[in-house]
Amino acid sequence: TPQASNIFNGVAASSTPHSITVTDTNGTCPPVTGSITVAPGATLPTVIASATATDCATQTATVTITSTLPATGITYSIDGGAPQASNVFNGVAASSTPHTITITDTNGTCPPVTGTITILPLAKPQITGIQECRETVYGRNYIVEVLPLANSFDVNTATFEWRISGEPAVIGNDNILNVKQYAQANGLTTNDFPIDLEITVIVPGGCSETAIYNVQGIFCDIPKGISPNNDSKNDSFNLTGMRVTHLSIFNRYGMEVYSRSNYTDEWHGQHKDGNDLPTGTYYYVVQTESESKTGWVYINRQEN
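So for the sequence shown, this note's numbering puts the first residue at 2; every next one is plus one.
Be aware that a few hints might be false.
Estimated spans, in silico, between C-beta atoms of each pair [what the hints assert, rightly or not]:
1. N91 to N215: 39 to 47 Å
2. V138 to F251: 30 to 38 Å
3. A83 to D197: 46 to 54 Å
Cut-off 20 Å, straight-line C-alpha distance, at most; resulting in silico cross-link-like pairs (SDA-like, lysine to any residue) [said to hold, decoys possible]:
4. K125 to L148
5. K225 to R244
6. K234 to T282
7. K225 to E257
8. K234 to G218
Hint data in this document are derived by calculation from the structure and do not stem from the laboratory. Source: prediction; values computed, not measured. Just so it is clear, CB atoms sit at the ideal spot from N, CA and C, and this is done for glycine as well.
Generate coordinates for the entire structure from the input sequences, incorporating the hints supplied.
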């Protein structure tokens, strides 16, 4: 639509030229035409921010900001702080509240643009443990395994440090420690148990948690006999580590002479009334969390 004003607002930028027509309404001159190309202005910079892993001790991170503008003539700021030429900010506090990033073109080509980044605080790993006999490449062995609670850490990226509690030496670097293999390699005997195993789990960023597991013994096979003579050698029916939920002992006539729930190492040849059972063969029923096992156990008493 023709207009009297020689100023046109809102003309779209385009690589295609705009045609301009000037008309003499007096009829003195014929219309004349021309063209103009309105080039697009500078593209607003894109704000891209990344953060390193938060440091657990300080709960801070290093933030790096990049944009599509040339590196010169640009300043950066976070949360309204003082602008700086460097695009790297150290010691940015971790928080669930997003940080606001502002990039300013000091050449005046583009207005300031903003973006946000959220740096979540690092949390300590939460540990749960399993102590049991398990089939391994070495046979049925007693193991202790640590696992994350509520997906609080990734076993593939965490660092594990096993120690005998109170001792500095690291004895294992996996989330599973084969206690039987450790005992055999270091000459531990039945008399060395129980022992306390200390595990420290360290996640990226430095957060860590420590737990202690008490290991009463490393028996994974049901004993075929016991000799309760108080010499600390085979005195009891030791099922520690087998996660027994119930044990029943029967005499050769099928009468139950002993039973206990959540059994570990309490039967040393006594009747359920507390008296000693005589030398002989007894039948057992062992119920674990996953299966039931039956067999025979011999009580050997050294009678004077």
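These are the hints, each one checked on the structure:
Taking the beta carbon of each, N91 and N215 are about 44 Å apart, inside 39 to 47 Å as hinted. Range check, V138 to F251: Cβ separation about 36 Å, and the 30 to 38 Å hint holds. Checked against the hint of 46 to 54 Å, the C-beta distance between A83 and D197 comes to roughly 53 Å, which is consistent with it. Among the hinted pairs, K125 with L148 is consistent with the structure: their alpha-carbon atoms are about 14 Å apart, no more than 20 Å.
At roughly 18 Å between alpha-carbon atoms, K225 and R244 fall within 20 Å of each other, so this suggested pair holds. Straight-line distance between C-alpha atoms of K234 and T282 comes to about 19 Å, which keeps the hinted pair within the 20 Å bound. With a C-alpha separation of about 18 Å, the suggested pair K225 and E257 falls inside the 20 Å cut-off, and the hint holds. At roughly 13 Å between alpha-carbon atoms, K234 and G218 fall within 20 Å of each other, so this suggested pair holds.
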